[in-house]
Amino acid sequence: GENVEQHPSTLSVQEGDSAVIKCTYSDSASNYFPWYKQELGKRPQLIIDIRSNVGEKKDQRIAVTLNKTAKHFSLHITETQPEDSAVYFCAASGYSSASKIIFGSGTRLSIRP
Amino acid sequence: KAGVTQTPRYLIKTRGQQVTLSCSPISGHRSVSWYQQTPGQGLQFLFEYFSETQRNKGNFPGRFSGRQFSNSRSEMNVSTLELGDSALYLCASNPSGSQETQYFGPGTRLLVL
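Chains A and B are the protein sequences, given in the same order. 1 is the number of the first residue of the first sequence in the numbering used here; add one for each residue after it. 1001 is the number of the first residue of the second sequence in the numbering used here; add one for each residue after it.
There may be inaccurate statements among the hints.
Claimed, not checked - Below 30 Å or equal to it, Euclidean Cα-Cα: the simulated DSS-like pairs (lysine-lysine) are:
hint: 1; chain 1: A; residue 1: 58; chain 2: B; residue 2: 1001
hint: 2; chain 1: B; residue 1: 1013; chain 2: B; residue 2: 1057
hint: 3; chain 1: A; residue 1: 42; chain 2: B; residue 2: 1001
hint: 4; chain 1: A; residue 1: 58; chain 2: B; residue 2: 1013
hint: 5; chain 1: B; residue 1: 1057; chain 2: A; residue 2: 42
hint: 6; chain 1: A; residue 1: 42; chain 2: B; residue 2: 1013
hint: 7; chain 1: B; residue 1: 1001; chain 2: A; residue 2: 57
hint: 8; chain 1: B; residue 1: 1013; chain 2: A; residue 2: 68
hint: 9; chain 1: A; residue 1: 71; chain 2: A; residue 2: 22
hint: 10; chain 1: B; residue 1: 1057; chain 2: A; residue 2: 22
What the hints assert, rightly or not - Sample of chain B residues with no beta-carbon within 12 Å of chain A, all distances over it, derived:
hint: 11; residue: 1007
hint: 12; residue: 1014
hint: 13; residue: 1018
hint: 14; residue: 1028
hint: 15; residue: 1030
hint: 16; residue: 1058
hint: 17; residue: 1062
hint: 18; residue: 1112
These are computed hints drawn from the structure, not numbers from a lab. Computed from a prediction, not measured in an experiment: that's the story for all the values here. Glycine residues also receive a C-beta, built at the ideal position from the N, C-alpha and C atoms.
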């Protein structure tokens, strides 16, 4: 069945450094890849997404890259700040709105001052 | 617009009991999905309802069921509760399905004793 693997499960970086979270999906029909951020005690919220017709998308300090051949996609956060501390979830879904959306297991990112 | 709301926010039950959780989506959203969140397990997809029909289902036992009403409000029921059902149950809504941003509710935290 469909599966999304996410690594690492925990990540600690120095404030100002970059953080990278990687995901691999199994269903080659997947074409929509969102990333959600969940701060402690709060609900997950979309931070960036990418569709399969592009290889990279950037929004200020956040970028996502997609390698459809390898079925990999990654989240890159540059110049990390304390407010970036949260759990990040990647997800993948198929070509239509009726497709399932499958989430990764999450990465707990901690920013060291 | 008001966000996604869930009731109740907290619930304590004992093994063998049943529970019903409620989710009110954002006005105009027809897709409602339910997720179970436990530490280390990420967001496990339970099911998705669209226009009162279950459109997708995750890998959960038949004790977990749901329904959606004509106003898009959704309920989730868990029968014969087990200790392992203790979790945060999140619902999410969007206009049409998995190709769009999922707007999450605050969740219902269920504790089974």
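Structure-inconsistent hints, enumerated in ascending order
Structure breaks hints 4, 8, 15 and 16.
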